[in-house]
Amino acid sequence: MNIRSFIQPQSLRQSGGAGLSIRAVDKVYRIEGKSLPVLQNIDLDVRPGEFISIVGPSGCGKSTLLRLVLGLDQDYRGDIILDGERIRGTSLDRGIVFQDHRLFPWMTVQQNVELALLNRKLPADRKRELVASHIELVNLKGFEQAYPHQLSGGMAQRAAIARALVNEPKVLLLDEPLGALDALTRVHLQNELQRIWLRHRGTVIMVTHDVEEAVFLSDRVIIMSANPGTIARLVPVPLPHPRDRSAPVLRRLKEEILSELTQEPFDENVLEHRDRQQPPAPRSRFVW
Amino acid sequence: MAGGAAAALARALIEVGISNVVTSKTWKTLLKGMVLPALLIGAWQILSGLGPRYAYAFVPLDTLFSSLVELIQSGELWVHIAASLGTALKSLAIGGGIGVLLGTAMAVARPIDIAVSPLYHALRQVPTLGLIPLIGLWFGNSEFSKILVVSLATFEVMTLNTYEGLRSVERKYFEVGQVLTFNRAQIFWRILLPVALPSMLTGLMHAVSFAWLATVGVELLFTVGPGLSVIMERAQMAERMDTVILCISIIGLLGLCMNQLCVLLARRLLRWRNAVD
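Note that the protein sequences, when read in sequence, are chains A and B.
The first sequence runs 1302 to 1589 under the numbering used here.
The second sequence runs 186 to 462 under the numbering used here.
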């Protein structure tokens, strides 16, 4: 028995993540006959096991980019390549934690996490094991039978993280996961995220407004600019994990990134962030 | 005189009951619910003692009680109750079932929605009572006509509630289903249906109430076969006020029981809701 199997229980294999390549991605929204360029010429390479954050002003298309990587939206130009294969549609290889936890209110925590394994061909006891170990991973042991309305914001978000991770995805996407939480819970969950990520060391792409959070957690910070959304700068954070929040390097990097972001001319005509995230529903014969 | 004593005895029993037996919350709630009816019955009894004309309209309780015994002993009551309940429940199953299926079809497939919607909404705005002459002409004074009319009443409300429930699914849950690679069946059974359930259960409560009301009404008009309204009408012709009042009370009581069953069902199935309850 080597030291690695001692630290990591069998049920949580070190997935190591996969490499993601985003090549020359363009996306245009058509609203009321006018075309609105949302993303322009996005070129990004994410190394396997890397944790990157995307920061940028509202409306710069960062959440849209996540949706493209996720496969929720297939109307774009360019290529998104995961592990050598072009992605098409959604897949259990790519998981996401949304800003609003989106747990199903009619199911308990355990049932919600189990739901992610619905389309996985695994024996029932293996599924139960995975669910239990991931609920424990996010420190929600004992709350398996609770309904979402009985959980606090932080707990619900942790359950959502468990749901996203239970499939051991190659890439984990986080869309402002801590944005809806209060400051204290946010700090606590940032530490949790670091701990959890260090356990499975997968590839993570996080979109956030909080530069401090980005700098604390990631290996690289991508700064995007708006109108149209492009990558302005890539900022490496060359600090080993786990990190100390008060390290002066982090503070310096945070200030550097913030100054870059605030130098951006603020365009009043940028659409409300939320409006950008609601593309017109596609016309189809079936409602869903 | 005996009736007044019975009422007083009942009230005394209730008071004793409250102090001794009642500990749990549901019993207390139940008894609080019975206070108003008890007061009304008391007022009724007082009015019936005021004179012979009053006694005609407000039949004294002891007369009502003896009429009830008479009805039960003749074995007639159960036949009629069973017939009315049977009609109501059969129509609920048929109309409700078709309503859920149609509502689902309209919510899920837009072509069906576009095709059926105008006709459905037009039909919905015609009061079921207005269709009775038409149905009477086509199908005559039969069991089938009764069930048809009551089914129509339940069908309309179940379709609408099913449709609205299924359409009210928020995009965000739908997206979670997409991310977890759900196919259409999984999205329907695991996302759309649970979200639609509260609306459908509300629809069920309305449907039960409409079914019962329509049953009582339709039995007055299509007088073939047994039914509670049949007893009522016979009593009306024989100027038996007591039987009429009894029937009305029984109809109300049965309706209440059915409603409470629906409420209990809803409470059980919708435990997960953080409703202000």
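Hint data in this document are derived by calculation from the structure and do not stem from the laboratory.
The structure presented is a predicted model; accordingly, all values stated were derived computationally and were not measured.
For glycine and all other residues, C-beta sits at the position ideal for the given N, C-alpha and C.
Take these hints with a grain of salt, some might be off.
As the list claims (entries may be wrong) - Straight-line alpha carbon distances no greater than 27 Å define the calculated DSSO-like cross-link-like pairs of lysine-lysine that follow: (1) Lys1422(A) to Lys213(B); (2) Lys1442(A) to Lys1422(A); (3) Lys1428(A) to Lys275(B); (4) Lys1428(A) to Lys1442(A).
Unchecked claim - Derived Cβ-Cβ restraints for the label pairs, each shown as a range: (5) Arg453(B) to Leu1337(A): 21 to 31 Å; (6) Ile1382(A) to Glu355(B): 44 to 54 Å; (7) Pro1406(A) to Trp212(B): 26 to 36 Å; (8) Asp1401(A) to Ala294(B): 42 to 52 Å; (9) Val1488(A) to Gln445(B): 29 to 39 Å; (10) Gln445(B) to Glu1437(A): 23 to 33 Å; (11) Leu438(B) to Gln1451(A): 36 to 46 Å; (12) Gln445(B) to Ala1433(A): 38 to 48 Å; (13) Val1488(A) to Pro222(B): 23 to 33 Å; (14) Pro1338(A) to Leu308(B): 28 to 38 Å; (15) Glu1386(A) to Pro296(B): 28 to 38 Å; (16) Gly218(B) to Gln1451(A): 40 to 50 Å; (17) Asp1401(A) to Leu406(B): 48 to 58 Å.
Checklist entry - Per the hint of 44 to 54 Å, is the separation of the Cβ atoms of Ile1382(A) and Glu355(B) within bounds? => result 32 Å, violated
Next on the checklist: Need the status of pair Lys1422(A), Lys213(B): alpha-carbon distance at most 27 Å?
Outcome noted: 52 Å, violated
Checklist entry - Do the beta carbons of Glu1386(A) and Pro296(B) sit within 28 to 38 Å of each other? => result Holds, at about 36 Å.
Item to check | Range hint 26 to 36 Å (beta carbons of Pro1406(A) and Trp212(B)) holds or violated | outcome: 32 Å, holds
Next on the checklist: Given the hinted pair Lys1442(A) and Lys1422(A), is their Cα-Cα distance within 27 Å?
Outcome noted: 25 Å, holds
Checklist entry - Okay, Gln445(B) versus Glu1437(A) on CB: inside 23 to 33 Å? => result With Cβ atoms ~43 Å apart, the hint is violated.
Item to check | Cβ distance range 23 to 33 Å for Val1488(A) and Pro222(B), holds or violated | outcome: 59 Å, violated
Checklist entry - Between Gly218(B) and Gln1451(A), does the C-beta distance stay in 40 to 50 Å? => result The hinted range 40 to 50 Å is violated for Gly218(B) and Gln1451(A), with Cβ atoms some 30 Å apart.
Item to check | Straight-line alpha-carbon gap Lys1428(A) to Lys275(B), limit 27 Å | outcome: 43 Å, violated
Checklist entry - Is 48 to 58 Å right for how far apart the beta carbons of Asp1401(A) and Leu406(B) are? => result 54 Å Cβ-Cβ, so the 48 to 58 Å window holds.
Item to check | Outcome for the supplied range 28 to 38 Å, where the beta carbon pair is Pro1338(A) and Leu308(B) | outcome: Cβ of Pro1338(A) to Cβ of Leu308(B): about 49 Å, so the range 28 to 38 Å is violated.
Item to check | Val1488(A) paired with Gln445(B), Cβ distance criterion 29 to 39 Å | outcome: 50 Å, violated
Going through the hint list in order, the structure does not satisfy hints 1, 3, 5, 6, 8, 9, 10, 13, 14, 16.
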